[in-house]
Amino acid sequence: MSFEPKILGIACNWCTYTGADLAGTTRLQYPQNLRVVRVMCSSRINPSFIFRAFQLGADGVLIGGCHPGDCHYNTGNLYARRRLAVTKKILEFSGLEPGRFRVEWISASEGNKFAEVVTEFTAQIKSLGPQTKFKISQ
Amino acid sequence: MTISFKQIEEKLKTEAKRLLESGQASVVLAYGKGYDEKHPMPYVARNPSDVANIVFNEYCNYNMARYLVRYPAGTKIAVAVKAADSRAVIQLIQEEKVKREDLVLLGIPVYGMKNPKTQEIIDGKTTGGLYNPVLYDILLGDEVHGQAIQSPYDVLAAYELMDKEARFAFWKKEFDKCIRCYACRKACPMCYCDPCFIDQNKPKWGDKSPQSHGNLMYHLTRFHHLAGRCIDCGECSRACPVDIPLYLFHKKVAKECEEMFGQAAGMSIEDKPALVNFRVDDSDKILE
Ligand code: SF4
Ligand code: SF4
Ligand code: FES
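Protein chains in written order, with our numbering: chain A, 1 to 138; chain B, 1 to 288.
None of these hints come from the bench; they were simulated from the model. All values derive from a computational prediction rather than experimental measurement. There's no promise every hint is true.
[Stated by the list, open to error] Under the rule of at most 25 Å between Cα atoms (straight-line distance), these lysine to any residue pairs were calculated in the SDA-like manner:
{"hint": "1", "chain 1": "A", "residue 1": "Lys-6", "chain 2": "B", "residue 2": "Lys-204"}
{"hint": "2", "chain 1": "B", "residue 1": "Lys-117", "chain 2": "B", "residue 2": "Lys-204"}
{"hint": "3", "chain 1": "B", "residue 1": "Lys-285", "chain 2": "A", "residue 2": "Ala-123"}
{"hint": "4", "chain 1": "A", "residue 1": "Lys-126", "chain 2": "A", "residue 2": "Ser-137"}
Based on the provided sequences and hints, a complete structural model is requested.
The following block contains the structure:
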């Protein structure tokens, strides 16, 4: 059987999640490997969510937020950008493949971009194969 | 030039006595005798008569800034600070944990401090390559000059060269040794959260028993929480009973933060901690 990755998406309510909705209502096709969790803002994302997701078996984690300057709480994603950049460096230095974690700014009107990003990211995770380093073995 | 530890000790005693007698400080955080010369202890002098117990030698590595947050706001505290320790004080001021006006900083310019376990000289390896305190009120000795200043990040080179498989194997082996005694967080001046995330039950972020996955969660999250805040004193690593080189990871994160945000932790009381700050023109490149 071919490898079907499990990808956790964490999307902010106001932009990326709405963008995902738009992708759906416009019937855009994208891989079904992404499971999206909605948060109110990208700055709501505690980096431990990401570590935990990898421990619980995620093969990739995709974060989506409003474009910088467009956050509905004004500055949330400007803090999040710094914080998630650190998360990325930590994952990298710990030896996880850096390609398994990605942050994208996708607005409510960018249904196309949402579908493209998910398609591309899923392909990338497929080529990386199953994530075993952080995964808690049963 | 050599450092006279005895001279620093005498000056430390004199100043501590003066501050306690005049009431400028109600406690002095310094070092006291341990069971032998190599194991001095953190020491708190409260009365002028306590001052006789103060010692200073090349094993006085403890970062006494660790104890600042334990006193009620408004307590007048004098604290002995070496280079890295002074950065911890600055960082705590930035984080509004202590007030500059409540503190008297007894700066200790020093090099040649030693790790009592290995006898290794720790300068440059863990103390950010600094010898003189960044901030002080009274300097107990002359500024140190002429010592080779190493980049605090030099020691990272070998680890940065490793491929990700080797690096993962390296850290897995190290984290698997962890017995979850939490000496690292106890020693750390910047670990003041109560409760620590790992002690929370709802949500339970990671297993509390010393197993691979809980250890990984504890350490990666702790590195994250110290990002832009770790001042490279190295105390976490020296406190660790199983010698996990935590300082390497902290240094790596510090280096990345300095590159991305243009500021090192604890260097100026005017700064804001990098992760509770942003610039509108921060580049998206940092996410790549
Ligand atoms: S993490 Fe370690 S090196 Fe950094 S401030 Fe805390 S004790 Fe010092
Ligand atoms: S001091 Fe060492 S053994 Fe103790 S919790 Fe920290 S890393 Fe683990
Ligand atoms: S609301 Fe979308 S990133 Fe803050």
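Subject >> Hint check against the structure, violated hint numbers in rising order >> reply: Violated hint: only 2; rest satisfied.
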